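If you read the protein sequences in the order shown, they are chains A and B.
All letters in the first sequence, in the order written, are residues 1 to 179 by the numbering used here.
All letters in the second sequence, in the order written, are residues 1001 to 1255 by the numbering used here.
No lab work stands behind these hints: they were computed from the structure.
What you are looking at is a predicted structure, and each value in this text was computed from that prediction instead of being measured.
It is possible that part of the hints are untrue.
Unchecked claim - So the derived label-pair ranges between C-beta atoms look like this:
1. A:Ser118 <-> B:Asp1038: 24 to 34 Å
2. B:Arg1031 <-> A:Arg168: 20 to 30 Å
3. A:Leu178 <-> B:Arg1236: 32 to 42 Å
4. A:Pro159 <-> B:Arg1236: 43 to 53 Å
5. B:Leu1169 <-> A:Gly126: 50 to 60 Å
6. A:Arg66 <-> B:Thr1059: 20 to 30 Å
7. B:Ser1178 <-> A:Glu120: 39 to 49 Å
8. A:Asp17 <-> B:Ser1064: 17 to 27 Å
9. A:Arg68 <-> B:Arg1069: 22 to 32 Å
10. B:Arg1207 <-> A:Ala19: 45 to 55 Å
11. A:Glu120 <-> B:Pro1209: 47 to 57 Å
Quick reminder that beta carbons are idealized off the backbone N, C-alpha and C, glycines included.
If you want the building blocks of each chain, they are given just below.
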Amino acid sequence: MEPFDHASALEGCARGDAASLRRLYDQEAGFLLAVALRIVRRREVAADVLHDAVMDIWERAHTFDRSRGAGRAWITSIVRHRALKHVRAAGRETDLDPEAGARIADEAPDPFVALAASQEGARLHGCLSQLDADKRQVILLAYVHGLSQSEIAERLGTPLGTVKAWVRRSLIALKDCLS
Amino acid sequence: MIPSEPEDRDVLAGEYVLGLLDSDATAEVERNLDSDADLARRVTFWEERLLPVSAALGTAEVHSDQWARIERDLATRRQALGRTSTLPPARPRPAIWSAAWRSPAVWRATTALATAAAIVLAILPNRVSAPAESPTRYFAILHSRDAAGQESGPGWLIQIAQNGTLRSLPLSDVTPGSGRSLQLWTLWDQARGPVSLGVLPPGGAIRLPPERLESIGDGQLFEITLEPEAGSPIGRPTGRILFIGRAKGAAMQSL
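Start from the sequences, fold in the hints, and give me the full structure.
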């Protein structure tokens, strides 16, 4: 099967072609919704995030440049920023108690395990394996569940300063490994 | 402050992609992404390298109503655009950058033109100290556009006199930053793309050669982009659009 051509679909959107947006939506809505859902944790909120993100994609498609990066990463980042904006603005702690949040995160498939099984994730899995389990957890809690540094500190029972230092060291090590 | 050390820039880009920056720092990164290609590359690096994690976690079931809602929103936006568009339908063109010229945001820029013209004309006598030495042939009110492509109110006034003198007047506070400049472009031929009218001298005027002047018409697009100090090295816009709008022929009678 031909891989889906995200860049062409985005270029179609930039031309104002709604059929291109529909193709992109049919291909990726389920994926993008899952990304949003892991961060906002509520189905109806995730649906709103997806809606706003699709409208963002439509409006901003003209700024997408295939020579600068992959289309799938571009749309995923639009959804993630929409979802993050929502949880940061809403103050997640107030509408979901930390224990419930932790439970949801725990019940979800372990991203590190899932990554091991995926072909495209082999390299990232290898690089994440080189980090200590705690440091790896920090990166994944932030990326997958959209936790802030203070939420991560609370979750892991680690001082905020330590979490910040771990983030920095992990990113430097990952950059080195992934480059 | 965006750091200059490569390692710090990688960490900042990584924290931005992970969503670990506070709202001020996030906004600062976003403001810089269009003008700082190196930072944008580092952000893209993380977006692409971390994507396999999301990709490995599967999909969620989308409610069947979801697309209908998107379609309704698209229709509303198109209707709004249809009412204001005055240009013929765009011809397909290959280059990606040129897509900006017919983006919905560009079309929207025409919406408020009439209102904006009224506002600007009302304040013009106070803002322009020296009147153009020859009658005005065209005005263009350019709207401010942010990094996300959203437009706000009038941000720049372009006044083109019949003798080819082009004056530009900022209506909002703009400083291009050190080593950068603001460059004015116009589009009279879709196939050719934007043509530079020059780097805007602070508060100064540009003299257009007669053939340039003759090529300007009613409804023609003008835009100001952020460029290196000496202007774009490649003859077309490289930085993001800060202001965009269309020319409007001046009324024959003097103000």
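Comparing the hints with the structure gives:
{"no.": "1", "hint": "A:Ser118 <-> B:Asp1038: 24 to 34 Å", "in the structure": "holds (30 Å)"}
{"no.": "2", "hint": "B:Arg1031 <-> A:Arg168: 20 to 30 Å", "in the structure": "holds (23 Å)"}
{"no.": "3", "hint": "A:Leu178 <-> B:Arg1236: 32 to 42 Å", "in the structure": "holds (33 Å)"}
{"no.": "4", "hint": "A:Pro159 <-> B:Arg1236: 43 to 53 Å", "in the structure": "holds (51 Å)"}
{"no.": "5", "hint": "B:Leu1169 <-> A:Gly126: 50 to 60 Å", "in the structure": "holds (57 Å)"}
{"no.": "6", "hint": "A:Arg66 <-> B:Thr1059: 20 to 30 Å", "in the structure": "holds (24 Å)"}
{"no.": "7", "hint": "B:Ser1178 <-> A:Glu120: 39 to 49 Å", "in the structure": "holds (42 Å)"}
{"no.": "8", "hint": "A:Asp17 <-> B:Ser1064: 17 to 27 Å", "in the structure": "holds (23 Å)"}
{"no.": "9", "hint": "A:Arg68 <-> B:Arg1069: 22 to 32 Å", "in the structure": "holds (31 Å)"}
{"no.": "10", "hint": "B:Arg1207 <-> A:Ala19: 45 to 55 Å", "in the structure": "holds (47 Å)"}
{"no.": "11", "hint": "A:Glu120 <-> B:Pro1209: 47 to 57 Å", "in the structure": "holds (54 Å)"}
The structure is consistent with each of the numbered hints, conforming to all of them.
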